[in-house]
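Colleague: Each chain, written out:
2 protein chains.
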Amino acid sequence: MYFSRQDILNLDHKKRLNMINSLSGIKSANLIGTINQTGQTNVAIFNSLIHIGSNPPLIGFIMRPSAEVRRHTFENIIASNQFSVNHVNSDILQNAHYTSAKFSADKSEFNECKLTEEYAYNFNAPFVKESSIKIGATLEEVIHIKSNDTRLIIGKIQHLVIPSTFISEKGYLNLEEAKSIGVGGLNTYYQLKKIATFPYARLTELPFFG
Amino acid sequence: MYFSRQDILNLDHKKRLNMINSLSGIKSANLIGTINQTGQTNVAIFNSLIHIGSNPPLIGFIMRPSAEVRRHTFENIIASNQFSVNHVNSDILQNAHYTSAKFSADKSEFNECKLTEEYAYNFNAPFVKESSIKIGATLEEVIHIKSNDTRLIIGKIQHLVIPSTFISEKGYLNLEEAKSIGVGGLNTYYQLKKIATFPYARLTELPFFG
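Chains as they are written, first to last, in numbering that gives the first Met the number 0: chain Y, 0 to 209; chain B, 0 to 209.
None of these hints come from the bench; they were simulated from the model.
Keep in mind that a hint or two might mislead.
[Said to hold, decoys possible] Below are the DSSO-like pairs computed for lysine-lysine, each with C-alpha atoms no more than 30 angstroms apart in a straight line:
1) Lys145(Y) with Lys14(Y)
2) Lys113(Y) with Lys128(Y)
3) Lys192(Y) with Lys192(B)
4) Lys169(B) with Lys113(B)
5) Lys192(B) with Lys101(Y)
6) Lys178(B) with Lys14(Y)
7) Lys155(B) with Lys14(Y)
8) Lys193(Y) with Lys14(B)
9) Lys13(B) with Lys155(B)
10) Lys145(B) with Lys178(Y)
11) Lys128(B) with Lys193(B)
12) Lys155(Y) with Lys13(B)
13) Lys113(B) with Lys192(Y)
14) Lys155(Y) with Lys178(Y)
15) Lys101(B) with Lys193(Y)
16) Lys128(B) with Lys145(B)
17) Lys128(B) with Lys106(B)
18) Lys113(B) with Lys128(B)
19) Lys192(Y) with Lys145(B)
20) Lys192(Y) with Lys106(B)
21) Lys193(Y) with Lys192(B)
22) Lys101(Y) with Lys101(B)
23) Lys145(Y) with Lys193(Y)
24) Lys145(B) with Lys155(B)
25) Lys101(B) with Lys128(B)
26) Lys128(B) with Lys14(B)
27) Lys14(Y) with Lys193(B)
[Stated by the list, open to error] Here's a subset of chain Y near chain B, in silico, CB distances under 7 angstroms, partners left out:
28) Thr40
29) Ser53
30) Pro64
31) Tyr118
32) Asn121
33) Thr137
34) Glu140
All residues carry an ideal CB built from backbone N, CA and C; glycine is no exception.
Work the whole structure out from these sequences, hints included.
Modeller: In structure tokens, the structure reads:
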């Protein structure tokens, strides 16, 4: 089925939102934990986490101006300079999804969605105890995306927790064993099944393509 | 297992590369197709595609300065103002992976990796025929990320091809049926299995968290 730009713009608002959000393919589901200066915590699901670089170790995510709930996340990051990133796994999938409800600023999604705050490593932002892969990051850069007035938030990785059973000798994480979850669009969740690992692609070692 | 920032920096270079690349969780595997002014085509696998916004419909991806092969992609985009994004599916996974080998600029990965160029909709950049979900985009914005000298390339969606069987009435794409592939780190590939769809999270319709 073909859609021109005009066909897309003519779609019903919600259908366009769902379709275009699905287009980039599978995304990673993560809970971002923050705290403000009065000690009020916040945790919210994000599906826009991206790898920015490994040296220095940097991660990023996209922040929409319209995302009211998630704005608490942004305000807290600006105020505290810190945030935690916690992989959503299948055991906490429903809890994680509902952190996107518009709780008022004086309520913590930790409490409302039955997730547990965890503090460690002299890091102020709360980690999510139920998550097995956790990152503690400090704010490195906020980039304004003019095209649609969104922001790319970049954090420098300061702390990392990964159960050793999920890390291979070469450093690969097994996302299937970690029960990490993928998201399609805004609300469709996928389990991951590892099907192949290929070596670094060298011209001298190409397979035969029939 | 805990890693401080210093522990991460002390890791063997390759292990750090693999581990940090895996940290952001599952990523979408896509082939980006381009053409230069002499008609030389290029197609390369990218695992950094991100949804930027649905109105206007925008997608983006991260370009590393060190990625030699993919630099042809960047040069072609700057010269032609266009690129195609094509979901990797399980039928073309190995072909797609090996587009990352460092073929010289006068060779097309389409030919070397047995993928088929497809031209349609008066769009100059080649689509990948074997891919079922395809996007034709024009260059909208190139954003420099100071933190590590990478670039975020943003494209405006002009053309879209999705088999209608994969689109629900509400506009959701079924990535499992589309056989779309996820990537962990640099070279571990995952199949997607749909496990849940939750409604938009409303305060008045929260489930009970026991």
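Colleague: For every hint, state whether the structure bears it out.
Modeller: Against the structure, the hints come out as follows:
no.: 1; hint: Lys145(Y) with Lys14(Y); in the structure: holds (24 angstroms)
no.: 2; hint: Lys113(Y) with Lys128(Y); in the structure: holds (11 angstroms)
no.: 3; hint: Lys192(Y) with Lys192(B); in the structure: holds (8 angstroms)
no.: 4; hint: Lys169(B) with Lys113(B); in the structure: violated (35 angstroms)
no.: 5; hint: Lys192(B) with Lys101(Y); in the structure: holds (29 angstroms)
no.: 6; hint: Lys178(B) with Lys14(Y); in the structure: holds (22 angstroms)
no.: 7; hint: Lys155(B) with Lys14(Y); in the structure: holds (18 angstroms)
no.: 8; hint: Lys193(Y) with Lys14(B); in the structure: holds (20 angstroms)
no.: 9; hint: Lys13(B) with Lys155(B); in the structure: violated (35 angstroms)
no.: 10; hint: Lys145(B) with Lys178(Y); in the structure: violated (34 angstroms)
no.: 11; hint: Lys128(B) with Lys193(B); in the structure: holds (25 angstroms)
no.: 12; hint: Lys155(Y) with Lys13(B); in the structure: holds (19 angstroms)
no.: 13; hint: Lys113(B) with Lys192(Y); in the structure: holds (26 angstroms)
no.: 14; hint: Lys155(Y) with Lys178(Y); in the structure: holds (25 angstroms)
no.: 15; hint: Lys101(B) with Lys193(Y); in the structure: holds (26 angstroms)
no.: 16; hint: Lys128(B) with Lys145(B); in the structure: violated (36 angstroms)
no.: 17; hint: Lys128(B) with Lys106(B); in the structure: holds (19 angstroms)
no.: 18; hint: Lys113(B) with Lys128(B); in the structure: holds (11 angstroms)
no.: 19; hint: Lys192(Y) with Lys145(B); in the structure: violated (35 angstroms)
no.: 20; hint: Lys192(Y) with Lys106(B); in the structure: violated (34 angstroms)
no.: 21; hint: Lys193(Y) with Lys192(B); in the structure: holds (11 angstroms)
no.: 22; hint: Lys101(Y) with Lys101(B); in the structure: violated (48 angstroms)
no.: 23; hint: Lys145(Y) with Lys193(Y); in the structure: violated (37 angstroms)
no.: 24; hint: Lys145(B) with Lys155(B); in the structure: holds (23 angstroms)
no.: 25; hint: Lys101(B) with Lys128(B); in the structure: holds (22 angstroms)
no.: 26; hint: Lys128(B) with Lys14(B); in the structure: violated (36 angstroms)
no.: 27; hint: Lys14(Y) with Lys193(B); in the structure: holds (20 angstroms)
no.: 28; hint: Thr40; in the structure: violated (17 angstroms)
no.: 29; hint: Ser53; in the structure: holds (4 angstroms)
no.: 30; hint: Pro64; in the structure: violated (10 angstroms)
no.: 31; hint: Tyr118; in the structure: violated (14 angstroms)
no.: 32; hint: Asn121; in the structure: violated (10 angstroms)
no.: 33; hint: Thr137; in the structure: violated (9 angstroms)
no.: 34; hint: Glu140; in the structure: holds (5 angstroms)
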